[in-house]
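**Student:** The primary structure of each chain is shown beneath.
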Amino acid sequence: MNLELTDDQRMLKDMLDRLVADTGGVEAHRAAARMPRGWSPDMWREIVELGLPAMLLDEALGGLAGGGTELMIVGEALGRGLIAAPYLENGVLAAPILAAGDGDTAARALASLIDGSRSHALVTEGVTATGDRLSGAVRNVRGGDSADTLIVAAGDGIFIVPADAEGLRREGYPVHGGGRAANLHFDAVAATRILTGEAARKAVAAAEARRITYLAAMALGLASHALDTTIDYLNTRVQFGQPLGANQSLQHRAAEMYVELEQLRSATILAACMLDEADQLERERVMVAVAATVARTTRFIAQQAVQLHGGIGVTDEHVIGHCFLNLTAITIALGGVDANVTRLSDLGGFVSREPYWEAAR
Amino acid sequence: MDLRPSPEEVAFRQEVRDYIRANLAPETHRVMIEGRIPTKGQVVAWQQALNARGWATPAWPSEWGGPGWSPVQRAVFLDELHQAPAPEPVSFNVAMLGPVLIRYGTQAQKERFLPATANLDIWWCQGFSEPGAGSDLAAVRTSAVRGHDADGDHFIVDGQKIWQGMAHHADWMFTLVRTDPQAPKKQTGLSFLLIDMTLPGVTARPIITIDGRHEVNEVFLDNVRVPADCLVGAENDGWSVTKSLLSSERTNIARIGMTKHILRRVKAMTSDDPSLGVKAAAIEAELKMLEVTQLRVLDAQRHSDGADPRSSVLKLKGVELRQAASELLVAACGIDTLRAEAAGPEAIADPLGTALPNYAILRAASIYGGASEVQKTIVAKNILGL
Ligand SMILES: Cc1cc2nc3c(=O)[nH]c(=O)nc-3n(C[C@H](O)[C@H](O)[C@H](O)COP(=O)(O)OP(=O)(O)OC[C@H]3O[C@@H](n4cnc5c(N)ncnc54)[C@H](O)[C@@H]3O)c2cc1C
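Chains U and B are the protein sequences, given in the same order. Position one of the first sequence corresponds to residue 5 (my numbering), numbered consecutively onward. Position one of the second sequence corresponds to residue 138 (my numbering), numbered consecutively onward.
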């Protein structure tokens, strides 16, 4: 076991902490939500210049050869800073798929992703392929309305579609907590196949694991920011002649939030460490457990952070309300507690029903 | 023991339902069903329709236009409004200021304000909280200094109020102000003043909440000259007036009918997901018991009309269940509820558009009207003697 960061990872973390301190925060978050794409192009440019979209790629492809730990570092920092940027869509989901893809189209798309000139979005459901024509409809594709290129898993393949392709209709809208999404309709849209069969299936499963890991890390950043902000508030807000934090009931509440935050941190570390696990069943079990934990812990932390702030906690002006909305949005995107624990149960959970000495695991 | 309503109560409930059904504007009804905020015009029209029937002021004495209902009838009335759903008569007017004027106001104040307050010709807002005075309301600092000039006795008011719900609709604001900064106890130097929102020096500024809506405001009071006949109760006795205001209508704070309305929307969506139905049922079971608790508290009012500390139980459990129901509605809507902006009324199926904002802003229900922590302290102290 080794829970230390390497020197490179520590440098990455320091760099991101500086970026977030300089450019993050609630003001920038609110401003970004009003921009046409739901994120700030300037912010995205900074992230691109740091090489982050290629973070997970091999060095040969111009990447930083990052894995789960690096993904956690980036997610936590961008979450903590409430950074509105299409990093999930591009750096987390699209880049590794394009890197694994065959042919010039994939290579060109990857180059445009790395240099930030084109934004991408991933579609993994609702579309079917007939030859190289895609049809179907899908709702709530994150970044789907601002993407220049779509990556679509359909049938036994993964395809690339330029967003202005004939037969593709997009209906974009802002989402709660910031950013934008789109409902997409494909009507016999011409597409370029980049992956087929088992390779395509594995690429989609790996992308889902990365999505959960990254969202867990963002949730960790948001939730730890919410708790820190709440502790500051309890120490400074005076009612009845003393700081709120002098009340033992509120001390205990903050302690309960901290307990949940530790569970969330562990979930994120677990996801980061299991991201490249070869046993796909074990990886899926872990990922649904992580998703369930994110949903459960952030619900409590987000609700209590608002509660302990009193009225100011439900305003658009204060950061706590935005932490609440972003954490709620992440929980919804992950499918909530019930769906994930149901899946965990279907997958057999972590504890065998066999007597211990006979148990396989 | 028998918890069943009497035939008279059953008939009363039906009479209320029939009237609401016949008189509530369809557009207002639709807004309420969808969990949106009715416009000022819709609220005024509805309250005037209720007032025409003598029902806008359920708890007022008949001398001032009240219908003479029992506590149980008042609860039934509110429950029918909540389940319809229809707007309540504006609580600042009807549940808060009206009873206070009736108890503490001068005859001239009653005649001047009560009829217009019942008919919503005057819309009141509540100017209690300040940046430094939330749960600790007695810490208010807005100052009111008595003076006299050619136009008569007055107070000069300076300070800032915050969280005034619907102040942007309001014509008048009732406030708690500090008239004696030297008073030995912070509660004893306060007075209850009525302030015309159109007076020079009164400025309301919007506060946007996390649901993206404008319901609350900051109100700045800058050298506002308030005529002395706008003082309610004795000077420096504002704390008694305020406590009386805060304790009136405390039994109707469980808002059970509102929770039922939310659950009804959940259940209308859950045909394909049995787990949501189970979760709704878990809330329904608790809600049923809360209904009985509410009846027990109402029953006690037949013998005593003093403040019942068990109203804190109604508030705590009522808010908990309402928040849980709103959260369940978000779960029932799934990922579609993340959509922040409906492209048009038809583009997005009810209730996806409002589920998440309503869940978010309902977190405030355990903050205003006595935060849950404060309610628990009341239970611990006033009921359990801790
Ligand atoms: C949507 C909304 C509408 C409102 N409408 C109005 C209105 O129309 N008019 C008006 O005057 N006001 C209104 N308010 C203000 C409301 O009454 C206050 O928000 C409330 O009194 C809490 O005060 P605060 O927000 O300053 O929180 P604080 O009092 O600062 O409390 C912060 C947190 O600490 C807890 N806490 C405080 N003291 C203690 C203690 N001793 N022990 C344990 N916990 C404690 C609280 O419960 C809360 O969780 C409204 C508020 C909201 C959010």
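Hints are computed from structural coordinates only; laboratory data are not their basis. One thing to keep in mind: the hints can contain errors.
As the list claims (entries may be wrong) - Label pairs and their in silico Cβ distance ranges:
#  : chain 1 : residue 1 : chain 2 : residue 2 : range
1  : U       : E8        : B       : E171      : 49 to 55 angstroms
2  : U       : E129      : B       : D359      : 56 to 62 angstroms
3  : U       : E31       : B       : P411      : 43 to 49 angstroms
4  : B       : E171      : U       : F244      : 51 to 57 angstroms
5  : B       : I345      : U       : S121      : 50 to 56 angstroms
6  : U       : R38       : B       : P364      : 40 to 46 angstroms
7  : U       : A141      : B       : K404      : 26 to 32 angstroms
8  : U       : G201      : B       : E164      : 53 to 59 angstroms
9  : U       : D106      : B       : I345      : 45 to 51 angstroms
10 : B       : K404      : U       : E260      : 52 to 58 angstroms
11 : U       : R173      : B       : R167      : 28 to 34 angstroms
We put the CB at the ideal spot given by N, CA and C, even for glycine.
**Student:** Confirm or reject each hint.
**Tutor:** Against the structure, the hints come out as follows:
no.	hint	result
1	U:E8 to B:E171: 49 to 55 angstroms	holds (53 angstroms)
2	U:E129 to B:D359: 56 to 62 angstroms	holds (58 angstroms)
3	U:E31 to B:P411: 43 to 49 angstroms	holds (45 angstroms)
4	B:E171 to U:F244: 51 to 57 angstroms	violated (40 angstroms)
5	B:I345 to U:S121: 50 to 56 angstroms	violated (36 angstroms)
6	U:R38 to B:P364: 40 to 46 angstroms	holds (44 angstroms)
7	U:A141 to B:K404: 26 to 32 angstroms	holds (27 angstroms)
8	U:G201 to B:E164: 53 to 59 angstroms	holds (56 angstroms)
9	U:D106 to B:I345: 45 to 51 angstroms	holds (50 angstroms)
10	B:K404 to U:E260: 52 to 58 angstroms	violated (32 angstroms)
11	U:R173 to B:R167: 28 to 34 angstroms	holds (30 angstroms)
Comparing the model with each earlier hint shows violations of hints 4, 5 and 10; every other hint is respected.
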